Amino acid sequence: MSYDLIALFMFSTMMLMLMTGQRVFGAIGGVAALAALALWGTGGSDIPFSASMKLMNWYPLLTLPMFIFMGYVLSESKIADDLYKMFHVWMGPVRGGLAIGTIGLMVLVSAMNGLSVAGMAIGATIALPELLKRGYDKRMVTGVIQAGSSLGILVPPSVVLVLYAMIARQPVGQLWLAGVLPGLLMASMFIAYIYIRCRIQPELGPVLPPEERRVSTREKFRLLRAGLLPLVIFATMMVPFINGWTSLVESSAIGAMAAFVAAVLKGRMNRQVFEVSVRQTLAISCMFMWIILAALGFGAVFDGLGAVQAIEGLFTEQLGLNPWMILILMQLSFLVMGTFLDDTAMLVIVAPLYVPLVAALGFDLIWYGILYTITTQIAYMTPPFGYNLFLMRAMAPPEISLRDIYSSILPFVLVMILALALIMIFPDIAMWLPNYVYGK
Amino acid sequence: MGPMIRGYVRVVDAVNYRIGRIMMYGIFVMVGILLWSSISKTFFLPSLWTLEAAQFAMVAYYIMGGPYSLQMGSNVRMDLFYGEWSAKKKAWVDAFTIFVLIFYLGVLLYGAIESTSYSLEYGVRSRTAWRPYMWPIKVVMCIGFFLMLLQAISEFFKDIAVIRGETL
Amino acid sequence: AKPKIRWRMQTYAGPALAEHVIKPAIESFNKIAGDEMQIELYFADQLVPTGELFRALQKGTIDAVQSDDDSMASPTEVTVFGGYFPFASRYSLDVPVLFNQYGLAEIWEKEYAKVGVKHISAGAWDPCHFATKKPINSLDDLKGKRVFTFPTAGRFMSQFGVVPVSLPWEDIEVAVQTGELDGIAWSGITEDYTVGWADVTDYFLTNNISGAWAGSFFANMDRYNALPEHLKELLKVTLDSSHYYRQWWYWGGEAELRVNGSKMKLTTIPDEEWAEVEKAAKVFWDEIAKESETKAKVIQIFKDYGELMEKAGRPYRYS
Ligand code: NA
Ligand code: NA
Chain U
1 MSYDLIALFM FSTMMLMLMT GQRVFGAIGG VAALAALALW GTGGSDIPFS
51 ASMKLMNWYP LLTLPMFIFM GYVLSESKIA DDLYKMFHVW MGPVRGGLAI
101 GTIGLMVLVS AMNGLSVAGM AIGATIALPE LLKRGYDKRM VTGVIQAGSS
151 LGILVPPSVV LVLYAMIARQ PVGQLWLAGV LPGLLMASMF IAYIYIRCRI
201 QPELGPVLPP EERRVSTREK FRLLRAGLLP LVIFATMMVP FINGWTSLVE
251 SSAIGAMAAF VAAVLKGRMN RQVFEVSVRQ TLAISCMFMW IILAALGFGA
301 VFDGLGAVQA IEGLFTEQLG LNPWMILILM QLSFLVMGTF LDDTAMLVIV
351 APLYVPLVAA LGFDLIWYGI LYTITTQIAY MTPPFGYNLF LMRAMAPPEI
401 SLRDIYSSIL PFVLVMILAL ALIMIFPDIA MWLPNYVYGK
Chain Z
1001 MGPMIRGYVR VVDAVNYRIG RIMMYGIFVM VGILLWSSIS KTFFLPSLWT
1051 LEAAQFAMVA YYIMGGPYSL QMGSNVRMDL FYGEWSAKKK AWVDAFTIFV
1101 LIFYLGVLLY GAIESTSYSL EYGVRSRTAW RPYMWPIKVV MCIGFFLMLL
1151 QAISEFFKDI AVIRGETL
Chain P
2001 AKPKIRWRMQ TYAGPALAEH VIKPAIESFN KIAGDEMQIE LYFADQLVPT
2051 GELFRALQKG TIDAVQSDDD SMASPTEVTV FGGYFPFASR YSLDVPVLFN
2101 QYGLAEIWEK EYAKVGVKHI SAGAWDPCHF ATKKPINSLD DLKGKRVFTF
2151 PTAGRFMSQF GVVPVSLPWE DIEVAVQTGE LDGIAWSGIT EDYTVGWADV
2201 TDYFLTNNIS GAWAGSFFAN MDRYNALPEH LKELLKVTLD SSHYYRQWWY
2251 WGGEAELRVN GSKMKLTTIP DEEWAEVEKA AKVFWDEIAK ESETKAKVIQ
2301 IFKDYGELME KAGRPYRYS
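Protein chains in written order, with the numbering used here: chain U, 1 to 440; chain Z, 1001 to 1168; chain P, 2001 to 2319.
Worth flagging that the hints you see were computed from the coordinates, not collected in a lab.
Values in this document were obtained by computation on a predicted structure and should not be read as measured data.
Be a bit skeptical, because a hint or two may be false.
Stated by the list, open to error - So, partial list: chain Z residues that the calculated Cβ filter (under 8 Å) puts toward chain U:
(1) Val1029
(2) Met1030
(3) Leu1035
(4) Gly1066
(5) Thr1097
(6) Glu1114
(7) Val1140
Claimed, not checked - A short list of chain P residues far from chain Z (calculated; beta carbon distances all over 12 Å):
(8) Phe2150
(9) Leu2167
(10) Tyr2203
(11) Asp2271
(12) Thr2294
(13) Gly2306
Stated by the list, open to error - As a list, the in silico DSS-like pairs of lysine-lysine whose alpha-carbon atoms are at most 25 Å apart:
(14) Lys2114(P) to Lys2297(P)
(15) Lys220(U) to Lys133(U)
(16) Lys1041(Z) to Lys2134(P)
(17) Lys2114(P) to Lys2263(P)
(18) Lys2143(P) to Lys1041(Z)
(19) Lys2263(P) to Lys2133(P)
(20) Lys2236(P) to Lys2002(P)
(21) Lys1041(Z) to Lys2002(P)
(22) Lys2114(P) to Lys2232(P)
Beta carbons are placed, not taken as given, at the ideal position from N, Cα and C, and that holds for glycine.
Construct the complete structure from the given sequences, taking the supplied hints into account.
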């Protein structure tokens, strides 16, 4: 079989298997195992297992269970309640203010965990019911929470950037710092969008009724202190890391402990919270790890059968495009693949194909990591396949239909594409901070 | 469904449930090792074994915990079509496609056994200064893959039961 | 057209280093062999993680490997000597002399045949220096440094307080930045600059624990035996050209970058102090020699060779 044919065969078989709704890791791993046995030749049967040794060597993956645990402790213990109240009181008087406050909440939550799960859980359980009760448009707020929680993977710490760092062999510290300003930029753009939209259509985000706005100044400033908690947790984790006192994985363990201790000190750690956090951490870690395991196996088989060469040849020779067009085409292909491929699998299978190409085209791999992460965020929330969509569906109250969820994200996706374009045109948005801190 | 199959599902699910409930506390083992690593590095000499021990713990955590996560249904599926189907239709399709999963787990287990027996035969040690033997973690992986395989077969029986309108 | 024979070769090197140390040789091979045979080159850990590499080679999952015996932990009597055996060589020319004139090639060939692997050839690669984030000016500065190095070198250096760490080769640069490592004792300065380690470390120690390492090409025995004679010959000649490339690339590169490189500051441990390390190496050799007959034989060869070089005087040895 020619390389092109192998590439086509493996991808289409995997796609077909995924369509059947079988567990993603089973579909990917099954196709990998089949291709290894049928096409590799001698010793191909060992490839799926040797992927598990590869996974073990990917030591930064230790941060995955840590950040997941941190996220569950934060959302289950409801220590984010006060944070929400802070925004509620301070932003309530503005049109669309509660939605704007929710974005602020999401930024703070993002700084305390590495995935979008926690933001989604906090948003759906704390913010969503409050906003609906006060007459906010359900589509608008559903979109706000999905878009806001996706900041979790752009604002440090970020698990997606850790995975990217391992694939692209780029320093995690610089990648994380590169995500800060784009994350804040995107949050500001979300806020601008909400503000403008609510000026035009005030019924989408009414101001708080006067009786709710009557809060003493003292109380207002007391609530402001709630904002300290995420800063303390963030600092406990990031300061030793950036200074090189602790390594990445050590810092993530410190972060997990800090969240746990915070919940205990605030008297929110009970049996129920403990049980859910520990159990769900296992469940979600296993979900990710088994997909990564299968995808690493798939990647090695795909590579060893020469299919990677077919893909590279397609982009660099056969299409005859300039570097920027290739880059844009790659970003678009992520969005298309995001419709049938799970996000984690996409990262582990597709990123290794593209990263060497991006480097060969002369682009900076740290900068590309940020473009890549924003694209992943978009994939996370666009139907039919999106981790944030799954979560939203599972967590949203019944009055929010699947249609609402799907249509709610459209304006936010447009805003994200705009942000993506800005960072492509002005790379310094991403690169300034890491260059400043690491002094290049 | 015959009593044999009922018994199989009951035993496999119970064993994997217990193991999973123990493995879920592995998060604290990992946290503990990494905290010790930070402490020893800051106040004494860095420990030789911490990073590798944490890696072993991570592997045990997700491979031995895998069957329990399968039981809980926490593995994502692409539900573009699947999500719309009735329980019976899902079971019908799963009853076929699960063999792809079973096949994958079989190949994983085969590779793991090969690699483990090699490690035992040559006494393979890790290349680090700590130099732990590699076979213990590989044995753990073999057991984990085997339990995962048993769990996948149990899921298959449950699908058959749904198709026949029975409860197991 | 599809080649009649297709081999997969995995090198220990990542893409940036492979550009020099292996790619030109494989390109020559492929150009000459044409439709008869093609070798596809894969980088460090790309198909199989290093820990599983030797088994994959024995089994035929991978057809050929470029590595040193030590890093891939080959289950042979000569494993400890691959890579940087402490102070076994002074110059890169020592290695081919030891293999071709002092009988190491035959020993290696025999040891690998026992485990179903063809040892094609060994060559001299670069010297082993420390590249670190903090300066090393005395043996004391080595204490507590977490350093990526060869297993045997690590075992030897741990008596001076070095904490050896093993990670996938490709993750080293990131690990230095994430704080998992304080430095690297793996290569000469040419490699530090080529693969990007010079960007993450600031100091280069001019003392080395070995003047050159022994690295080899290996093939799965059955796959090798199945080749027609002329392809075996072509394989040997083109792979030797990779060893030759290293001879001038490192020899010139080390001098040039020490003098004109701007990314790393040079530091030196005084000769009298470093002599302690050299003395410890002789003790280490004797310990290794006790482990088996084959090891004793190799150590004896090192000793005989070293003695002869001392007697030959300048330019072979200066002390
Ligand atoms: Na984050
Ligand atoms: Na998507």
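- Distance rule for Leu2167(P), whose beta carbon must clear each one in chain Z by more than 12 Å: violated (8 Å)
- Query: Are Gly1066(Z) and chain U close enough, Cβ to Cβ, to be under 8 Å, as the hint says?
  - Reply: Status holds, d = 5 Å.
- Query: For Thr2294(P), is the shortest beta carbon distance to chain Z beyond 12 Å?
  - Reply: holds (16 Å)
- For the pair we were handed, Lys2114(P) and Lys2263(P), check the Cα-Cα distance against 25 Å. Violated - the C-alpha atoms of Lys2263(P) and Lys2114(P) are around 46 Å apart, more than 25 Å.
- Query: Any CB of chain U closer than 8 Å to the CB of Thr1097(Z)?
  - Reply: holds (4 Å)
- Query: Measuring from the C-beta of Val1029(Z) to each C-beta in chain U, is the shortest one below 8 Å?
  - Reply: violated (11 Å)
- Interface hint for Glu1114(Z), Cβ within 8 Å of any Cβ on chain U: holds (6 Å)
- Query: Is it true that the CA of Lys2143(P) sits at most 25 Å from the CA of Lys1041(Z)?
  - Reply: holds (12 Å)
- Query: Beyond 12 Å from every Cβ of chain Z: is that where the Cβ of Tyr2203(P) lies?
  - Reply: Label holds. Min Cβ-Cβ 19 Å, cutoff 12 Å.
- Query: Taking only the CA atoms, is the gap from Lys220(U) to Lys133(U) under or equal to 25 Å?
  - Reply: Measuring from Cα to Cα gives roughly 22 Å; hence the hint holds.
- Query: Against chain U, with CB atoms and a cut of 8 Å, does the hint on Leu1035(Z) hold up?
  - Reply: holds (6 Å)
- Nearest-CB test (12 Å) between chain Z and Asp2271(P): Nearest chain Z Cβ is 27 Å from Asp2271(P), so the label holds.
When each numbered hint is compared with the structure, violations occur for hints 1, 7, 8, 9, 17 and 21.
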